[in-house]
Amino acid sequence: MIKVLKPGIEATVQDNGRIGYYELGMPPSGAMDKFSYSVGNWLVGNQDGAASLEATYMGPALEFQEDATIALTGGELPPKVNGKSVSMWETLKVKSGDILSFDFVKNGARIYLSVAGGINVPEIMGSRSTYTLCGIGGFEGRSLKEGDTLHIGNDQQDDVKEGTKVSSEFVPQYTKQHEIRVVVGLCSYRLTEHSLQNFLKTEWTVTPEANRVGYRFKGEKVEFIPREQPFGAGSDPSNVVDLGYPVGSIQIPGGVEPIALLNDAVTGGGYVTVATITSTDLNRIAQTKTNEKVKFESVTLNQALEERNAHRSNLSKIKDSIQQQQ
Amino acid sequence: MYLATRYEYGGDEFLFVELSEEMSLEANFTAMAITKKLSEMEIEGIQDICPSNASYMVRIDPDVIKADDLIQELKRIEKSVENLDNVEIQSRLVDVPVLFEDPWTHETVMRFRERHQDPESTDIEYAARINGYDSKEDFIEAMTSSPFLVSMIGFVPGLPFCFQIVPREKAIEVPKYVRPRTFTPERCFGFGGGFSVVYPVDGAGGYQMFGISASPVFDGEQKLPDFQDSMVFPRQGDIFRYRRIDRDEYDSVRNQVENGTFEYRKKDMSFTPAEVLKDPEAFSQMALRRLYND
Numbered sequence: 001m002i003k004v005l006k007p008g009i010e011a012t013v014q015d016n017g018r019i020g021y022y023e024l025g026m027p028p029s030g031a032m033d034k035f036s037y038s039v040g041n042w043l044v045g046n047q048d049g050a051a052s053l054e055a056t057y058m059g060p061a062l063e064f065q066e067d068a069t070i071a072l073t074g075g076e077l078p079p080k081v082n083g084k085s086v087s088m089w090e091t092l093k094v095k096s097g098d099i100l101s102f103d104f105v106k107n108g109a110r111i112y113l114s115v116a117g118g119i120n121v122p123e124i125m126g127s128r129s130t131y132t133l134c135g136i137g138g139f140e141g142r143s144l145k146e147g148d149t150l151h152i153g154n155d156q157q158d159d160v161k162e163g164t165k166v167s168s169e170f171v172p173q174y175t176k177q178h179e180i181r182v183v184v185g186l187c188s189y190r191l192t193e194h195s196l197q198n199f200l201k202t203e204w205t206v207t208p209e210a211n212r213v214g215y216r217f218k219g220e221k222v223e224f225i226p227r228e229q230p231f232g233a234g235s236d237p238s239n240v241v242d243l244g245y246p247v248g249s250i251q252i253p254g255g256v257e258p259i260a261l262l263n264d265a266v267t268g269g270g271y272v273t274v275a276t277i278t279s280t281d282l283n284r285i286a287q288t289k290t291n292e293k294v295k296f297e298s299v300t301l302n303q304a305l306e307e308r309n310a311h312r313s314n315l316s317k318i319k320d321s322i323q324q325q326q
Numbered sequence: 001m002y003l004a005t006r007y008e009y010g011g012d013e014f015l016f017v018e019l020s021e022e023m024s025l026e027a028n029f030t031a032m033a034i035t036k037k038l039s040e041m042e043i044e045g046i047q048d049i050c051p052s053n054a055s056y057m058v059r060i061d062p063d064v065i066k067a068d069d070l071i072q073e074l075k076r077i078e079k080s081v082e083n084l085d086n087v088e089i090q091s092r093l094v095d096v097p098v099l100f101e102d103p104w105t106h107e108t109v110m111r112f113r114e115r116h117q118d119p120e121s122t123d124i125e126y127a128a129r130i131n132g133y134d135s136k137e138d139f140i141e142a143m144t145s146s147p148f149l150v151s152m153i154g155f156v157p158g159l160p161f162c163f164q165i166v167p168r169e170k171a172i173e174v175p176k177y178v179r180p181r182t183f184t185p186e187r188c189f190g191f192g193g194g195f196s197v198v199y200p201v202d203g204a205g206g207y208q209m210f211g212i213s214a215s216p217v218f219d220g221e222q223k224l225p226d227f228q229d230s231m232v233f234p235r236q237g238d239i240f241r242y243r244r245i246d247r248d249e250y251d252s253v254r255n256q257v258e259n260g261t262f263e264y265r266k267k268d269m270s271f272t273p274a275e276v277l278k279d280p281e282a283f284s285q286m287a288l289r290r291l292y293n294d
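From first to last, the protein sequence lines stand for chains X and Z. Counting in this note's numbering, the first sequence runs from 1 upward without gaps. Counting in this note's numbering, the second sequence runs from 1 upward without gaps.
Source of the hints: derived by calculation from the structure; they are not laboratory data. By construction, the Cβ of each residue, glycine as well, lies at the ideal position given by its N, Cα and C atoms. Mixed in with the good hints there might be a few duds.
[To be verified] If you want the ones that stay clear, here's a sample from chain Z, every Cβ over 10 Å from chain X, calculated:
#	residue
1	9
2	18
3	24
4	59
5	76
6	121
7	173
8	183
9	263
10	264
11	282
[Stated by the list, open to error] Below, in silico cross-link-like pairs of lysine-lysine (DSSO-like), each with a Cα-Cα straight-line distance of 30 Å or less:
#	chain 1	residue 1	chain 2	residue 2
12	X	84	X	106
13	Z	36	Z	278
14	X	221	X	165
15	X	319	Z	66
16	X	80	X	95
17	X	145	Z	223
18	Z	278	Z	266
19	Z	66	X	317
20	X	317	X	93
21	X	84	X	145
22	X	295	X	317
23	Z	66	X	295
Bound conformation, chain X alone (with noise of 0.2 Å):
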């Protein structure tokens, strides 16, 4: 067991998401950086799709109530143990009595705690993931309270040897200046070519409502092409009949402070989204925190195809290295 001493900010169980359920409004939840919880995964050798806990900006303070096997990934919150500092990207071993705890963040955003067997919580929907809106999911649907006790599952199946490491050349970096790749398109075709071309040379700055719902940016104003509105969108040039939401989808409601929509945010609805971040990217623009700066990139649907399979095949040159090392 594992006991929640400092809840930190925002940290919940997640894991691969819940896929299939948009049909009904259910957003995806899980982790906002699958390439750290992945990583994480193997490092303690659980079967893919193991539940972890995700904390951003703050982590929690957690006292493990048995022996376990855990890893540290994601962006620099520096961890500790026992108020000794311990290695991320790296196989560790804990005691029963042991206190992990963290320094505050140093690059990034967002870290995962995996556990070998996993965070036992039930499956909802086919997923461990928290979705807090609606109070589903995770530990009791919601963030971690001081004084919570989490089970270990069993979703391990092998044993890594304590030491197992991620080369350094695969662990990402994070700086402040982030550059995120987006397919164009959509509704973009309601922006004037200028402001689309201003969306993308913008040096984007991300604002405090910044979560796993949605980031919003602060930047220059945006303008839509003027037209009649058609029937059932509203009377707002940015609105449009009310449609999907993809994951990574940006809007701009209203022409102002443009939102990226992330794995908690709303599947649907009536604002003119206006390009798409790539699934390599939604990795990286999981670890921007406020007050940094984000320019978007356009990319070809090719070019996001490229870039998936060669983070793939980063993907899976770490998962040899690691059982390699055994």
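Following the hints, position chain Z against chain X.
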């Protein structure tokens, strides 16, 4: 009506297909028919099919299926459903009890006046006026005398977007709030663009707020009989009749919900889009007769 289909990539995992920029029953029925057929085909690599009002969205695993190949398939499917006479929609007629201008919604209406087009009116006064109704009563009568087609589920789990089955000249249309609200009460009956909705849970929102539904559309604990199979009650293709109720009936329905005995008044039925499109008013009246007379 002419549908001009637009296929768009939503990054590397999503395809967005817009059948029409404007809302119409025909666009919705076409989207429904395409997504139903697509889901029956059980194509490998399709992870999610999300039908919406005049469009639909598909989530794919691009390692298994190429977006462009799927687009070719979708074009074939669209062609095959051109004749909507052959499409049968399995539906339920449902009575949804609504208390208009209830105290809880009214409190929220007043709280967000500065985000509204007309801070001097309430949402329902404003909407009645811009739709050319002389009184709120006439406006409520218009919303409750013809049923709505559930044209999309989304935003949050269980939120039904509902499009009224009336000829276009009688369709109600209202703007969304100038700036979206940070709060909307659970079960609030709202209207935005051409759609009415019931908000499943407390949360953000941008639709005009007219009242509150006594019955839930979302039940995370699945306690009520109507929610045994799913946390979410509405299904695309359902026909909802919003019926005006008074405070006594509201309280009585709330009691039934609280003690777990509430069940929607509903009837299964199937229909073809052609029946609706031919004469929406006649269809609406037939649906109401079916729902309330045995």
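Each hint tested on the structure:
1. With a minimum CB-CB distance of about 5 Å to chain X, residue 9 of chain Z fails to clear the 10 Å threshold, and the non-interface call is violated.
2. The beta carbon of residue 18 of chain Z sits about 7 Å from the closest Cβ of chain X, which is not more than 10 Å, so the claim that it is off the interface is violated.
3. Non-interface call for residue 24 of chain Z relative to chain X: violated, since the shortest CB-CB distance, roughly 7 Å, does not exceed 10 Å.
4. Not every CB of chain X lies more than 10 Å from the CB of residue 59 of chain Z, the least distance being 7 Å, so the non-interface label is violated.
5. At roughly 21 Å, the least C-beta separation between residue 76 of chain Z and chain X is larger than 10 Å, which holds for a residue marked as non-interface.
6. Every Cβ of chain X is farther than 10 Å from the Cβ of residue 121 of chain Z; the closest lies at roughly 16 Å, confirming the non-interface assignment.
7. Remark: the non-interface label on residue 173 of chain Z conflicts with the geometry, its nearest Cβ contact in chain X lying 7 Å away (cut-off 10 Å).
8. Distance check for residue 183 of chain Z against chain X: the nearest CB is about 13 Å away, which clears 10 Å, and the non-interface claim stands.
9. Chain X leaves residue 263 of chain Z outside its interface by the beta-carbon criterion, the shortest separation being 20 Å against a cut-off of 10 Å.
10. No beta-carbon of chain X comes within 10 Å of the beta-carbon of residue 264 of chain Z; the shortest separation is about 17 Å.
11. Once the 10 Å rule is applied to beta carbons, residue 282 of chain Z is consistent with being away from chain X; the minimum gap is 22 Å.
12. The suggested pairing of residue 84 of chain X with residue 106 of chain X holds, with an alpha-carbon distance near 17 Å, which does not exceed 30 Å.
13. For the hint linking residue 36 of chain Z to residue 278 of chain Z, the alpha-carbon distance of about 22 Å falls within 30 Å, and the restraint holds.
14. With a CA separation close to 46 Å, the supplied pair residue 221 of chain X and residue 165 of chain X exceeds the 30 Å bound.
15. For the hint pairing residue 319 of chain X with residue 66 of chain Z, the CA-to-CA distance comes to about 26 Å; that is within 30 Å, so the pair holds.
16. Under the criterion of a C-alpha separation no larger than 30 Å, the hint pairing residue 80 of chain X with residue 95 of chain X is consistent with the structure, at around 14 Å.
17. Taking the CA atoms of residue 145 of chain X and residue 223 of chain Z, the gap is near 26 Å; set against the 30 Å cutoff, the hint holds.
18. For the suggested pair residue 278 of chain Z and residue 266 of chain Z, the alpha carbons sit about 24 Å apart, so the restraint of at most 30 Å is met.
19. For the given pair, residue 66 of chain Z sits about 25 Å from residue 317 of chain X by alpha-carbon distance, which is consistent with the 30 Å threshold.
20. Taking the CA atoms of residue 317 of chain X and residue 93 of chain X, the gap is near 24 Å; set against the 30 Å cutoff, the hint holds.
21. At most 30 Å may separate the alpha-carbon atoms for a hinted pair to count; residue 84 of chain X and residue 145 of chain X meet this at roughly 24 Å.
22. At most 30 Å may separate the alpha-carbon atoms for a hinted pair to count; residue 295 of chain X and residue 317 of chain X meet this at roughly 29 Å.
23. Taking the CA atoms of residue 66 of chain Z and residue 295 of chain X, the gap is about 28 Å. The hint holds against a cut of 30 Å.
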